[in-house]
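There are 2 protein chains.
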Amino acid sequence: MDKLFASIITIGDELLIGQVIDTNSAWMAQELNKIGIAVKNRIAVGDNWGDIWNALDETAKHAKIVLITGGLGPTSDDITKPLLCSYFGGKMVIHEPTLVHVTHIFEKILQRPMLEVNIKQAEVPDVCTVLMNEKGTAPGMLFEKNGVLFISLPGVPHEMKWIMSQEVLPLLPKKFKTTPIRHKTLLTAGIGESFLAELIKDFEAQLPPSIKLAYLPNNGMVRLRLTISGEDEALISAQIDHQFELLKQGVQEYLVIDNDLPMETVVSNLFKANGKTLATAESCTGGYIAHLLTAHAGASAFYKGSIVSYSNEVKEHLLNVPLEVLHNHGAVSELTVRYMANNCRNQLNTDYAIAVSGIMGPEGGSDDKPVGTVWIAVATSKKTITKKINLRYNRERNIQLTAFNALNLLRLSICG
Amino acid sequence: MDKLFASIITIGDELLIGQVIDTNSAWMAQELNKIGIAVKNRIAVGDNWGDIWNALDETAKHAKIVLITGGLGPTSDDITKPLLCSYFGGKMVIHEPTLVHVTHIFEKILQRPMLEVNIKQAEVPDVCTVLMNEKGTAPGMLFEKNGVLFISLPGVPHEMKWIMSQEVLPLLPKKFKTTPIRHKTLLTAGIGESFLAELIKDFEAQLPPSIKLAYLPNNGMVRLRLTISGEDEALISAQIDHQFELLKQGVQEYLVIDNDLPMETVVSNLFKANGKTLATAESCTGGYIAHLLTAHAGASAFYKGSIVSYSNEVKEHLLNVPLEVLHNHGAVSELTVRYMANNCRNQLNTDYAIAVSGIMGPEGGSDDKPVGTVWIAVATSKKTITKKINLRYNRERNIQLTAFNALNLLRLSICG
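Chains A and B supply the protein sequences, listed in that same order. Sequential numbering from 886 applies to the first sequence in my numbering. Sequential numbering from 886 applies to the second sequence in my numbering.
All the given hints hold, so there is nothing to weed out.
Computed footprint of chain A on chain B, listed as stretches where at least three residues anywhere in the stretch have a Cβ under 8 Å from a Cβ of chain A:
| no. | segment |
| --- | --- |
| 1 | 902-915 |
| 2 | 994-1001 |
| 3 | 1079-1089 |
| 4 | 1182-1189 |
| 5 | 1192-1203 |
Below, computed lysine-lysine pairings styled on DSBU-like, alpha-carbon distance capped at 30 Å:
| no. | chain 1 | residue 1 | chain 2 | residue 2 |
| --- | --- | --- | --- | --- |
| 6 | B | Lys1272 | A | Lys1020 |
| 7 | B | Lys1097 | A | Lys1005 |
| 8 | A | Lys1020 | B | Lys1254 |
| 9 | B | Lys1097 | A | Lys1020 |
| 10 | B | Lys1086 | A | Lys1005 |
| 11 | A | Lys1030 | A | Lys949 |
| 12 | B | Lys1273 | A | Lys1046 |
| 13 | B | Lys1005 | A | Lys1086 |
| 14 | A | Lys919 | A | Lys1059 |
| 15 | B | Lys888 | B | Lys949 |
| 16 | A | Lys1254 | A | Lys1268 |
| 17 | B | Lys1060 | B | Lys1030 |
| 18 | B | Lys1046 | A | Lys1254 |
| 19 | B | Lys1062 | B | Lys949 |
| 20 | A | Lys1046 | A | Lys1062 |
| 21 | B | Lys1086 | A | Lys976 |
| 22 | B | Lys1046 | B | Lys976 |
| 23 | B | Lys1046 | B | Lys949 |
| 24 | A | Lys1157 | B | Lys1254 |
| 25 | B | Lys1254 | A | Lys993 |
| 26 | B | Lys1005 | B | Lys976 |
| 27 | A | Lys888 | A | Lys1059 |
| 28 | A | Lys949 | B | Lys946 |
| 29 | A | Lys1133 | B | Lys1005 |
| 30 | B | Lys1133 | B | Lys1086 |
| 31 | B | Lys946 | A | Lys946 |
| 32 | B | Lys1020 | A | Lys1273 |
A short list of chain A residues far from chain B (calculated; beta carbon distances all over 12 Å):
| no. | residue |
| --- | --- |
| 33 | Lys1030 |
| 34 | Asp1117 |
| 35 | Gln1134 |
| 36 | Gln1137 |
| 37 | Glu1138 |
| 38 | Lys1157 |
| 39 | Ala1158 |
| 40 | Glu1209 |
Hints listed in this document are in silico derivations from the structure and should not be mistaken for laboratory results. All C-beta atoms, glycine included, are put in the ideal place defined by N, C-alpha and C.
Here chain A stands alone, though its shape is the one from the complex (with noise of 0.2 Å):
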């Protein structure tokens, strides 16, 4: 039997200029991988009739499932409806249930007159399924031709995660046998890639052919991923549990986390578990940290708040680090985040305080203190631990490491 794949295709001319970044094939990706079926490829197409046509063609020669997103809205460049009804050989019909609930959401959620565009999107080809859409006006629709199910979705990722959640994910185990996938993965934090691969190649050398090994480097941190897929649900697990602690033993002494998690979410459940308290004092990181740490639910049980000293006068006034620090030593000094990181912990009354004060660019760099120098400071109550970093990247990825060292400092003081 072939195996199993799905294909992806997303659609729109703002994904070809660059206008918007696709977040929703990662998405998608994800949950398949879940239930057993591998993406075999994605591609992305503008709002061009031939170009979606060859896609629907391409993709369907390798994969049994075609998901599309994009192009459903109201407008008169999404052209994939028309599209589908064509290549599917259908005739438009309105779809009554989608009508009414299009009606509710004008008449009682926007309380606005529906306008005949807006009936248009109860409309639908009469050779496909319609997979309800709760969160939005554009029904899913799902097709099938030649033992090949295409599956289109709207493009706002909120609907097409409730329309896949709802009605596709349950769905395809049903329709096709799917081949059991495995993935672990644990992050490292303090080696490059090359050298994690010096330090693990034994383990490399002795790994089976059946399970894959990735290196993902991202953010100071290297994830290592092992793969594994196979009809035997309880092999293959056996295997890949076996050979990812023959990995975790490899790589010991920078073990982050046995699992794929962000740094933020690995200090955060340090904190939950230990039943302290943190709060944040950021320069330079401008609230990133705190944003990190609050963007996951639940993080009241132990974050209370940051106090983001952008200008000195904040520094001065509300982190009580002295005008003469800051004049002697300057704002990105270590005295300067030792004071921020304590009177920050001692203002909002918690058990840990991170700090950080440094130049992210472009502007602001000096001989002495160019670009990328950033100091940080993780105070408890018994003593206060201090790490001067260079970064030499953009402003962006800048931001993004200091929070991510930061966090890093902050799980090091934790664990000792």
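Following the hints, put chain B in place on chain A, whose structure we already have.
This is chain B only, laid out in the frame that chain A set:
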């Protein structure tokens, strides 16, 4: 003459299991568009010999320029370089300048011994032109076959961007006759996509077929983009400028700005122009507004900082919200955000302050105040305006939309 198209191939299993979001393609597409090269399609494939090979064959059918990113790392899962060597019929040789450069990185910057695997980074197919990568160890490579240019770049974003900016983008206009493209984008807020379409249907009806209109809804705004391409730069510029003026008039009352800028940049520019200062008091957004404002260089000209009062304790002690207000009205109430905004403005000594407090979900809602309930205040020395919004999305999107609404309320209060 055939229209000049580029295609983008991104390589890596992590793209097909959804472990990373591809931001490279959007950036590359933007830069290509600026120099008049349209992207035909983007294809993501795994670290799989056959799939990469097919993607090269397929894209070369329609594109004269094929940009390839990823799969150039030093580890065993990266197969792009040997594959390209084979595809273009070369053999691997050491590229001396790259070896010197890689040696320099290890000896001077990383101060670590170089490994065998790092020396391999300096090997390239003898049929390519090397594009030096000053930001990393994997060189870019340029191949030519049947009039099609294939350019392989590392997947690490800042390395890819460096080689594109220094080598690729200057080269392409010398190699190909490009057709100028013009895009003009404006932002609207406070009106949905379909109502906007109804509002400007007369504009759409008179739009010449050479100009394409796209609706790009995102985070509470709808962007409208006009696109034209043609040989005569003066002519297409005049045509698009004329239509853009008509479009601006058509959407006047909803117009945020006649440019493609994020809301935080619109607000930042207003502050920089009028010399006023800003602080934020953030509960539910947890520092996200501060992060948006400080993600762009130059924020220190007007932005002093934020008190991220994630816990009520911080609202009470640092923002002086009276305990009885928190008890009787709740943390998510008009009176609380009024206190937060005014006291933040006083504490941080600024002209303006924004405060937000709300329930982002998935937990924390009640019948009275369901998930998505948000109060926003904007305070100046003269007055405080407030607004209640009701969001109905997931946590991530609720945070984004709260920040957007707060910045928009600030914008409206400045513009009167």
